[in-house]
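K.L.:
Chain by chain, the residues:
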Amino acid sequence: MSKRPMALVWLSSLLVIAGTIALIVVAIVVDDNHPLSTLSPVGRHGREIAELINPIFIVAGVVFFLVQGAVLALWWRFRVAGSDAGDGEFGYYEDDEFPEQVHGNNRLEVAWTLIPTVLLAVISVFTLIALFALEDVEASDEDMVVTVIGQQWWWEYQYHLDGNTDTAPDFVAANELVIPVGVDVPLDIKSRDVIHAFWIPKLNGKKDAVPGRSHDWVIQAEETGTFRGQCTEFCGLSHGYMKMVAVALTAEEFAEWRDNQITAADMPEEGTAEHAGWEVFSQQCASCHVVNGVTSPANRGGDPESAPDNWDIYGEFNGVYAGTYLETDTLVAGAAPNLTHLMTRGTFAGSIFDLYLNAGAHIPYLELAEKGTLNRGELEAWIYNAPERKPADADNLRGMPARTGLSPDDVDNVVAFLSTLD
Amino acid sequence: MATVTHESSDTAPAAGEPASETPPAAHTPDEHASGGDHAHPSDWLYVKVAIALALLTAFEVFTYFETVHGWGDTAIIVMLVAMMLLKFFLVVAFFMHLKFDAPIFWRLFVFGLILAMAVYMVMLTAFRYW
Amino acid sequence: MTVTDGAITAPEETLALPAGPVIANRPLGVFTRPQGNEGWKSWLFTVDHKRIGVMYGAAAMFFFLVGGAEALFIRLQLATPDGSVIGAGTYNGVFTMHGVTMIFLVAMPMAAAFANYLLPLQIGARDVAFPRLNAFSFWCFLAGGLLLTSSMLIGGWFQNVPDGGWFNYAPNSGVLFSPHKGIDFYAVGLQITGIASLVSSINLIVTVLNMRTKGMSLFRMPVLTWMLLITQFLLLFAIPVITVALFLLMFDRLWDANFFNVAAGADPLLWQHLFWIFGHPEVYILVLPAFGIVSEIIPTFSRKPLFGYHFMVASGIAIGFMGWGVWAHHMFTSGIGPLAVAAFSVSTMFIAVPTGVKILNWLGTMYGGRLRFTTPMLYAVGVVSMFTIGGLSGVTHSIAPSDTQQTDTYYIVAHFHYVIFGGIILGLFGGLHFWWPKIFGYMLDEGWGKAAFWVILIGFNFTFGPMHILGLQGMSRRIATYRADEGFAFWNMVATIGAFVIAIGVAMLLWNIYKSTRDWRRAGRPDVGPDPWDARALEWMTASPTPEHNFDSEIEVEGLDEFWHRKYGKDETGRVVRAAPTSEVAHDGSNTKVHLPSPSYWPIVLGGGILLVGYGLIYNLWLAAAGVVLLVASIYGWILEPPDDPEAAGHDEDGHDDGDGHGDADSNGDSAEAEEEAATVG
Amino acid sequence: MADTMAAEATTHSPHAEEHHTSTGISNEKLAMWVFLGSECLLFGGLLSVYMFNKGRIGPTDVGPNDVFDIPFTSVSSFVLLMSSLTMVFAVSAIARGNLRGNRIWLAATAALGAIFVAGQVYEFTAFYSEGLGFTTNLFGSAFYSLTGFHGAHVTIGIIMLMTLFVMSLRGNLPQQRAETVEIIGLYWHFVDIVWIVIFTIVYLFPQ
Ligand code: HEA
Ligand code: HEA
Ligand code: CUA
Ligand SMILES: [Cu+2]
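Chains as they are written, first to last, in my numbering: chain A, 1 to 422; chain B, 1 to 130; chain C, 1 to 682; chain D, 1 to 207.
No lab work stands behind these hints, which were simulated from the structure alone. Since this is a predicted model, take the numbers as computed values, not measurements. Cβ coordinates follow ideal geometry from the N, Cα and C atoms, glycine included. It is possible that part of the hints are untrue.
Stretches of chain C that chain D covers, calculated by requiring three or more beta carbons in the stretch to come under 8 Å of a beta carbon on chain D [said to hold, decoys possible]:
(1) 211-217
(2) 231-239
Listed next, the in silico SDA-like pairs over lysine to any residue satisfying Cα-Cα at most 20 Å (straight line) [stated by the list, open to error]:
(3) Lys181(C) / Pro81(C)
(4) Lys99(B) / Ala95(D)
(5) Lys593(C) / Asp552(C)
(6) Lys181(C) / Asn396(A)
(7) Lys181(C) / Asp395(A)
(8) Lys515(C) / Trp454(C)
(9) Lys371(A) / Thr420(A)
(10) Lys450(C) / Thr373(A)
(11) Lys450(C) / Ala81(A)
(12) Lys181(C) / Ala394(A)
(13) Lys450(C) / Asp552(C)
(14) Lys450(C) / Arg79(A)
(15) Lys450(C) / Phe78(A)
(16) Lys48(B) / Phe88(B)
(17) Lys515(C) / Asp527(C)
(18) Lys99(B) / Asp43(B)
(19) Lys450(C) / Trp76(A)
(20) Lys450(C) / Leu72(A)
(21) Lys48(B) / Ala108(D)
The whole structure should be built from the sequences, with the hints applied where relevant.
P.N.:
The structure is reproduced here in structure tokens:
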């Protein structure tokens, strides 16, 4: 019974294990279409992390095989046939069947204390080296620092082209972080309400955005492209819908994009649908959203003379392109994305909706606004009743309130106005 | 059944392993002289301890006032902590009888104390210094 | 011993206070003690550690079904992209309650069930050091558990449910961001279960240190007793830390304090530190009892003593110590400084060493043994194998730089379900099958037991195995749904199917309990006898089910595995042979002269008072005041209560026939009622 | 909770004169020490929270220097310190069988404790009138939490002492129960040493 041929035993157990492993390996190696995967890094940091952990995965795999193999081997080698316990006959073994009564072995104990210790000591050396290497920021020509602000449930990016985060940013974007390829972009991560975490898996690990604190982080992309991200610290109702995107452009493209972002919007010509949209926007939307050039602090209940508002709890400066704190002292977000260049983004509302229907890989990022087909249905639905599209608690200043008072014409006009924002 | 020796007598652990069959400790009040009538220190000793405590307190309060402020905050903090610890251990050792009582109490209490200090110190310093 | 009125020139009142002769009479009319073991009352007012253990187990099993049902809802929602089974708000409540329920109301009390039932038996004691306090711990735990669970119903289905995740980070847990009462339930409920754990840890520590039978030195205690002792120390020191954190949270939420008010300058990381200083020792609090159970089962079914007993004990102690120095590995990305990250990263890694010692010693025990794969053994070996997987992924988390990619993804979810389900739940289920005959007097069906094990094991791996992949592919945890183009659909579907396979396995386990009980009753078979598995520790030395008085006479212990050594000896050639038949060695439970503490009303009343205070804090301070009154009254009732009921004259002489005093399968005592005798009443 | 624990004894060991335990120590006393070990973590946590937060106030906020009245607190600290002396007298009196002395010292201890608590109440009202409420700022929240927890411990201690006093009056606290007094005494001294730490760190440390 217990004298099965060992070869067969090993074969069958190996087959099971190998099958499982094969399945997993296939699943991991065929890593296409996993836009958030940590296994196929594109950024320097992501790659360094992968280079650190991959050998450790292998070490862990070896330990895994040794232990599981030992369990199976012991099982097959030393098992004795079972007896029925429930039949009223108690006691499992015949009295004379006893193995040798071994109490322990000190040399073995020392060995299996020391071997893992040494192994881990080696691993910890590599860990520490990598840890401090990742702390360094590679110098580049760009002085730019981006202040990343998480809030329920979207991201704001304040670009400080001169690297000075104590002064007003040069421009502000939302949800899509555009960076030049190949250079380290230092980030300064903050939060306006609860804790979030900024994470673009293909570029670097994550870093929490903690209210009241400012955390340094850095990302770098080794290739151009669009990289998805997800807020990974639980931040309330819509945490799952708080995503983001990083876009890496060539240096020239980035400069082009940057120069465009700095410009303000133009007032639509009177009499057009766009202008009608602007009127609705000023009344319905500008209390929260800023469109540089065409909205006024008065829209936000501020004093038009003393514009702009002081909105930043971290610094003393007055931000020109600011969202507004509706209630500064309670630290509820209440700020809304700056929409000045809405149409230059590929996604909206925490990057959960595509702004263009046919965007995909076909349209280069900078040409989205020109060539893309606006995802009108989704945008209109959003404007009409945002909380239905994305869970929110607008009553408590978290998320965008429904605008169900708008007539279909109003919505059309607003969309027309928004389409001019490129 | 043949002559059977009781197994427990020769379950000697494998060579070198610390003997698992330590002599019976239970029911021998090994840690402690007896169940309650240990030598109580005299009331006069308590009074002396109390006087020491009072003096220490007086000196602590004294540091607070202008006279010693010239010494600098660090020096004052070090002194205060030293006096605090002294008071602490006077009360624990004499009023709480730890000096005379079973060592197990001392171990239990000090373990909690040191654990608390270590853990919270690490927490507080981690915020600021590392 | 009982002294009736007038037998002593007793003063007006009598008190059950320490030291001093017992002066028992009846102070005021109300302060009598309830009588013996009849029907449901015998459960409500019991102070018997075994019944309390059984109640802990039953409650934990109930909460396991609740937590499991929540898990199934999680899995349903995530089965497909853009899932819409439950909305985002409900989802947040569901996973929070799932985590809280499973950790605090399942894993901890289920371990407490074994601790209560077995710890006194394993050290040969009559009961724990403070039996009434023990009962209070249970009722207090139940009060906290019910309060927490009621949050799902009160004020509407999932309207007031905690929704901040089980570690409930500030400031998301503030009133501002979670205005409904859910997080109040969390704070108050956990505070109450914390009191229960703290009280019971003090009780059990004193029990182990003080109540050991003759000759039971520390290094003759079974490994389970050791692991439970270490667990109690961890609880003793960890609970106050979360108590502080929860108080701060309560003050913030209920009385507008500023501890986590960032606008007032607070730092939210304070909560994280306090929570994890508790939280990491907590995971070892959860796992060490399971390790202890495995250490009992494997030697029994290998027919060998545990390999490296001293190293097993030492590694347990080492884990207990090291567990205090690693908490910030949950905070690698939360913004602590690089030196802190480095230190905690390294300290975390080395916990693998003592844990590895345990794994390898279990393998060493199996080596050369005569392995009998009974149901308990299957579960125990399952732990060795599955826990290792979870432990290894744990080590990969401890590599701080790569943890920035892993943290808060399903890779973490995979890790902790492997250690928790694969370590703790499997271990506890193994213990359930192992000690079931001891507790209830009959065996669970082995066929169904093994089948359930395999179904659970397979389902478990299909549920949580794929989560490793999902996590590394970038799926975040705590997200109510995911987009179709993120590539998570396939493995999520597999995981969901796996979860339902687990549910089938659990259902089989429950069916097994039901069926075995029924068959045993119907067939009218006798109890299994003291030692159905040919096991090693003292609890097997008394009749099954354990008589109310535990052992007929005091046992004098001469070595490790005392009971086994009384059964077996060596002949001249050094071969192990039977020295005495079990029936001769074991007690038959017939001694009726053992003094037993009377039941008491006050533990449950005190628990009720605490429940009132709990609801009062959340809803209305007047209710809390009423609760405080009840609480104070019951504390005085407790103190003034006589040690025995004077009415029950001749209590001792009357004896305690245990009968089937330990309930039936579902442990609610109702059908056991008929079979129980009124043993105490003269 | 302490007295509920202390009160457990005789339910399991009616022959309490002789400690029938493995260590020779009574269960109740061991339990109290174990409990005090745990309390270290509780007060350590509260104190850390205080130290962490006391400085987190705005420049114009009410801070420690604005409210603390060191001479006053020194006196009440002294009172609490001396209550430890009366407490040991109570313990040593009952150990010698001097029940009357025990009563006197118990009452004295409770009275000194009550003076301390009264002082704390006065202090709280004074601080409040100076603008420091529980919700005013982080310093306020942390200060009141820490000292409030300590005050609650003292209050529970007073209640236990009073209970002992009444028991003694009614003849229920014979010499054989000396250990009960000793155990309550341990609790009392612990509360005192916690105040020694609080007084130094909260009040006397240079701000
Ligand atoms: C029973 C509970 C339990 C146990 C025992 C463990 C054990 C371990 N855990 Fe786990 N852990 C949790 C429960 C548990 N954990 C939970 C619940 C969370 C998530 C909390 C949350 O966020 O909600 C978590 C999260 C968690 C994190 C944080 C992840 C993150 O959020 O970013 C980390 C990081 O280091 C970690 C590490 C470890 C390590 C190193 C061990 C070690 O103890 C494991 C040691 C064991 C082995 C390694 C296997 C056996 C050893 C050998 C065979 C020897 C040879 C091995 C080597 C040489 C490597 N765990
Ligand atoms: C003891 C601890 C424990 C246990 C046993 C489990 C068991 C399970 N957990 Fe657990 N889980 C946690 C502790 C635990 N979990 C914790 C701490 C978290 C983190 C929470 C947080 O992020 O805050 C978590 C989070 C968590 C998530 C992540 C949620 C998210 O991040 O969004 C998921 C997802 O699949 C999951 C799934 C499961 C499943 C499928 C089981 C299964 O194994 C369950 C199997 C049990 C059953 C299936 C019960 C059987 C039921 C029936 C037979 C029918 C029911 C009948 C009645 C009610 C009458 N859990
Ligand atoms: Cu923001 Cu999660
Ligand atoms: Cu941990």
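K.L.:
Indicate, hint by hint, whether the structure satisfies it.
P.N.:
Here's how the hints hold up against the structure:
no.	hint	in the structure
1	211-217	holds (count 3)
2	231-239	holds (count 4)
3	Lys181(C) / Pro81(C)	31 Å, violated
4	Lys99(B) / Ala95(D)	18 Å, holds
5	Lys593(C) / Asp552(C)	9 Å, holds
6	Lys181(C) / Asn396(A)	16 Å, holds
7	Lys181(C) / Asp395(A)	17 Å, holds
8	Lys515(C) / Trp454(C)	19 Å, holds
9	Lys371(A) / Thr420(A)	13 Å, holds
10	Lys450(C) / Thr373(A)	60 Å, violated
11	Lys450(C) / Ala81(A)	14 Å, holds
12	Lys181(C) / Ala394(A)	19 Å, holds
13	Lys450(C) / Asp552(C)	35 Å, violated
14	Lys450(C) / Arg79(A)	16 Å, holds
15	Lys450(C) / Phe78(A)	19 Å, holds
16	Lys48(B) / Phe88(B)	15 Å, holds
17	Lys515(C) / Asp527(C)	16 Å, holds
18	Lys99(B) / Asp43(B)	15 Å, holds
19	Lys450(C) / Trp76(A)	17 Å, holds
20	Lys450(C) / Leu72(A)	17 Å, holds
21	Lys48(B) / Ala108(D)	19 Å, holds
Checked against the numbered hints given earlier, the structure breaks hints 3, 10 and 13 and satisfies all the rest.
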